[in-house]
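Participant: Here is what each chain is made of, one letter per residue.
Number of protein chains: 2
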Amino acid sequence: MADTDPAVIDGRRVRGDASRRAVLRRATDLVSVEGLDGLSIGRLAVESGHSKSSIAGLFQNKEGLQLATVAAGRSIFVDVVVEPARQHERGLPRLVALMRNLIDYSRDRVFAGGCFFAAVSADYDSKPGPVRDAVRAAMHDWYGYVAAQVRAAVDAGRLDLDDDGVELLAFSLPALYEQANARSLLWGSDRPYLLAQRAMRDLLMGAGADESALQALDG
Amino acid sequence: MADTDPAVIDGRRVRGDASRRAVLRRATDLVSVEGLDGLSIGRLAVESGHSKSSIAGLFQNKEGLQLATVAAGRSIFVDVVVEPARQHERGLPRLVALMRNLIDYSRDRVFAGGCFFAAVSADYDSKPGPVRDAVRAAMHDWYGYVAAQVRAAVDAGRLDLDDDGVELLAFSLPALYEQANARSLLWGSDRPYLLAQRAMRDLLMGAGADESALQALDG
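As they're listed, the protein sequences go chains A and B.
Quick note: the first sequence uses our numbering, first residue 1, plus one each step.
Quick note: the second sequence uses our numbering, first residue 1001, plus one each step.
No wet-lab data here; the hints were simulated from the structure.
Hints may be right or wrong, so weigh each one.
Said to hold, decoys possible - No more than 30 Å apart at the CA atoms, straight line, and that leaves these computed lysine-lysine pairs for DSSO-like: (1) B/Lys1062 with B/Lys1052; (2) B/Lys1062 with A/Lys62; (3) A/Lys62 with B/Lys1052; (4) A/Lys62 with A/Lys52; (5) A/Lys52 with B/Lys1062.
Bound conformation, chain A alone (with noise of 0.2 Å):
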């Protein structure tokens, strides 16, 4: 009786949220230092303390336990890049957010091994199926968010910019982002954010962007 007992089960659903979020905590670090190939239940079982009879429990399978770390990642990426720049004026404002926040995320290591979509990136093309498809989702999400805010920005009188140069700047702060990641994991330095950083400045300088909006970037 007590099986059915809705606090018994409440309580084990509690329990078993707890740990599902730890483990895929513990899931996204690891991922981030290895990629997404390198995580299986049996690695996973070790690097957690857990047994891999209950992470099978939690995710059935390898690809659920992958599909479960990429959501994961997601969501933490979006609490700590893409909610505080919400509280920013869309356009301008908001992009020049996010470009802080795309930085201060990889430098201050939110996960172990820098950006948790550039580790999970070199995944885009290998075997087709859920896993790549819910990284691509991701990633193409992700920068039609930055393009929105290019264009919003535009929109808004506070750059001026064509179609052409919406692209091109939509495209171009991504990259310089995703360079100061890479390299600074190569060579273990904070100097290539400082790059992003003034190159970002520089092109959105040149797009017209007001100096007192440019502040909050190096802040």
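For this one, chain A is given, so just place chain B on it according to the hints.
Facilitator: For chain B alone, kept in the frame of chain A given last:
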């Protein structure tokens, strides 16, 4: 006796070298798609149609195979991107040729999965050891070579930059290329290469490059 006959030994060595090259070419393609972690003697045996024992005979173990594959990828990159650029004058002409060759190399899918070093760079911060060191050394040398061309262009009066500007341009040009490689793989489109070329042109023009030197970029 035949076993020690020089002609027989040479014949074996030639066949061994040819096998080694063929297997390594397949290994570089595989790695460009799946990263270094996916490369094992067993997997490569399946992919290349050679027996596991013959591949183990050529490379001893997984690490030996990974190191030989990084060396092979690097050698192809040098042949396709760096060597042809060395026919151009040091400085701005060579820098422009490098960027052009780099874009062609990625767009033409010299490796099945796009840029070899973009694919292995996710392994930067995986477990310390000779494989990571080899990848880092290759990236370090490449970025250093690009920076040397920017500096030579300034010394020859073809670009107008201070030391910070040299560092910034040497950071930004590879950033644009790597973004183009990644987005092209993501979207299955050539458009990102066009964006990278435009953005590179803008940066070089902004640094004082003469229009004529930039024609080779779009070629």
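Participant: For each hint, tell me whether it holds in the structure or not.
Facilitator: These are the hints, each one checked on the structure:
no., hint, result
1, B/Lys1062 with B/Lys1052, "holds, 11 Å"
2, B/Lys1062 with A/Lys62, "holds, 23 Å"
3, A/Lys62 with B/Lys1052, "holds, 26 Å"
4, A/Lys62 with A/Lys52, "holds, 11 Å"
5, A/Lys52 with B/Lys1062, "holds, 26 Å"
No hint from the list above goes unmet by this structure.
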